[in-house]
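**Q** Sequences and hints are given; from them, build the entire structure.
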Amino acid sequence: MKIYLKTVTVCAILMGSVLSSAAYAQCALKPEWIEAATRLPSIQIPAAIPVDSNTPVGRVIWRTPVPAPNPQFITNINIGCNGTMSATGLNNGVPGEPLEPNQVYRTNVDGVGYRILNSRHRFPFQITRNLGSWRWPNTVEMEDLAFELVKTGPITFGAQINGGVYGSAAILTADSQTLPVLAISVAAGGAVKVLPCTPDNRNPTIPLGRVSTTVLESATGMSFRNFSVSLKCDQAVDITVNVNADSDAPAQGLINANQGSQAKGFVVELREHRADGSSTPFVLNTDHQYSNNGRDDTVLSFRARLKKKSATGAIALGDFSALATIQLSYE
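Residues -25 to -1, 1 to 306, numbered by mature numbering (1 follows the signal peptide of the UniProt record, and there is no 0), are exactly what the sequence shown covers, in order.
Hints are computed from structural coordinates only; laboratory data are not their basis. Cβ atoms here follow ideal geometry from the backbone N, Cα and C, with glycine treated the same way. It is possible that part of the hints are untrue.
[Claimed, not checked] Ranges between beta-carbon positions, derived for each pair:
hint	residue 1	residue 2	range
1	Lys282	Asp85	48 to 56 Å
2	Thr300	Arg200	12 to 20 Å
3	Thr261	Thr195	25 to 33 Å
4	Thr180	Lys239	21 to 29 Å
5	Gln237	Gln264	36 to 44 Å
6	Thr255	Ala194	41 to 49 Å
7	Asp175	Thr195	27 to 35 Å
8	Ser285	Gly128	51 to 59 Å
9	Thr300	Thr255	28 to 36 Å
[As the list claims (entries may be wrong)] Keeping only pairs whose Cα atoms sit at most 20 Å apart, straight-line, the calculated EDC-like set for lysine to aspartate or glutamate is:
hint	residue 1	residue 2
10	Lys282	Asp221
11	Lys239	Glu192
12	Lys239	Asp223
13	Lys207	Asp175
14	Lys283	Asp251
15	Lys239	Asp221
16	Lys239	Asp294
17	Lys207	Asp272
18	Lys284	Asp272
19	Lys282	Glu247
20	Lys283	Asp223
21	Lys282	Asp223
22	Lys282	Asp294
23	Lys284	Asp223
24	Lys282	Glu192
25	Lys282	Asp251
26	Lys283	Asp221
27	Lys284	Glu244
28	Lys283	Asp175
29	Lys284	Asp213
30	Lys284	Asp175
31	Lys283	Asp294
**A** So this is what it looks like as structure tokens:
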């Protein structure tokens, strides 16, 4: 599954013999070190994920600077008291106010907190602007710092974290020179975009089973296999569904085989499955409008089966696969 701004995409491979899910690139923060100015890339938080401060929804890691000839130690780790964040009411206007014992701090977005930590400690160790110093014989021995965003409660769809400096670090050398080495910053315009709904399965497995040519050439054809995509939503939203697939007949919901399929002359027929048991071809590569009507769970139901591409066309036997990408956008 790939996640886009205000969009969730569910990738599925439909296969006639053996099904393997499409590779899903997790939406992750890129580790980077930029001296004196490190910024968070944009990330997205599904609003329906559980509140769990032990599981960060976004992380960026800063590597320690290059070795220096003199003994040095890190000082002035400042949390939530720099830049524009303080002016926007970060931590309810009180720098360093923790949300909970593991030192998660408020952002301007309700339900989104942050923390700074290394492998052994969470910063700060005490509620103060100047947190003291930790000594290393050389900066090469300093531990990497990580900035983590965590979900601490319900989040409003479309919320954005304000830009500003969330933390900073400096090196005090043996000759008492203070060298700034790190500013933990969030880019203006927000590092967090919140999605209102979360799919229950981002890599659905839809095995269509094995089928003989006798069944495929019969009047009724192969039986349909039902499958669904269930969305857990925190709020009422309008949902746009678009099933992207390679097709020569998108209006009939016919999905072509992937390259490399052994079976030739076949397609997957995709239909929308309604609550009354009826179904119609699901038009591919076209937007379809739905609404969750304020329900926590919204189920998108489909049916699929393997069929011959044409009544008189040549066929070849073997394994078969087809890819459908279900893109979900919200208003």
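**Q** With the threshold set at 20 Å, check whether the alpha-carbon distance from lysine 284 to aspartate 223 stays at or below it.
**A** holds (10 Å)
**Q** Compare the distance between the alpha carbons of lysine 282 and aspartate 223 with 20 Å, and conclude whether the hinted pair is satisfied.
**A** The hint holds at about 14 Å.
**Q** With respect to the beta-carbon atoms only, verify the hint that glutamine 237 and glutamine 264 lie 36 to 44 Å apart.
**A** Since the Cβ atoms of glutamine 237 and glutamine 264 sit about 38 Å apart, the hinted range of 36 to 44 Å holds.
**Q** Are lysine 239 and aspartate 221 close enough, with their CA atoms no more than 20 Å apart?
**A** With a Cα-Cα distance of about 15 Å, the restraint between lysine 239 and aspartate 221 holds, given a limit of 20 Å.
**Q** Quickly compare the C-alpha distance for lysine 283 and aspartate 294 to 20 Å and report which way the hint goes.
**A** Holds, at about 14 Å.
**Q** Are lysine 239 and aspartate 223 close enough, with their CA atoms no more than 20 Å apart?
**A** holds (15 Å)
**Q** Taking the beta carbons of serine 285 and glycine 128, is their distance inside 51 to 59 Å?
**A** holds (56 Å)
**Q** Please work out if lysine 283 and aspartate 223 have their alpha carbons no farther apart than 20 Å.
**A** The given pair, whose Cα atoms are some 13 Å apart, holds under the 20 Å limit.
**Q** Tell me if the straight-line CA distance from lysine 284 to aspartate 272 falls inside 20 Å.
**A** Not OK: lysine 284 and aspartate 272 at ~36 Å, beyond 20 Å, violated.
**Q** Starting from lysine 239, check that the Cα of aspartate 294 is at most 20 Å away, please.
**A** holds (9 Å)
**Q** Can the restraint linking lysine 239 and glutamate 192 be considered satisfied, given a maximum Cα separation of 20 Å?
**A** holds (14 Å)
**Q** Is 28 to 36 Å respected by the C-beta to C-beta distance linking threonine 300 and threonine 255?
**A** violated (21 Å)
Of the numbered hints stated above, those contradicted by the structure are hints 6, 9, 14, 18, 25, 28, 29 and 30, listed in ascending order.
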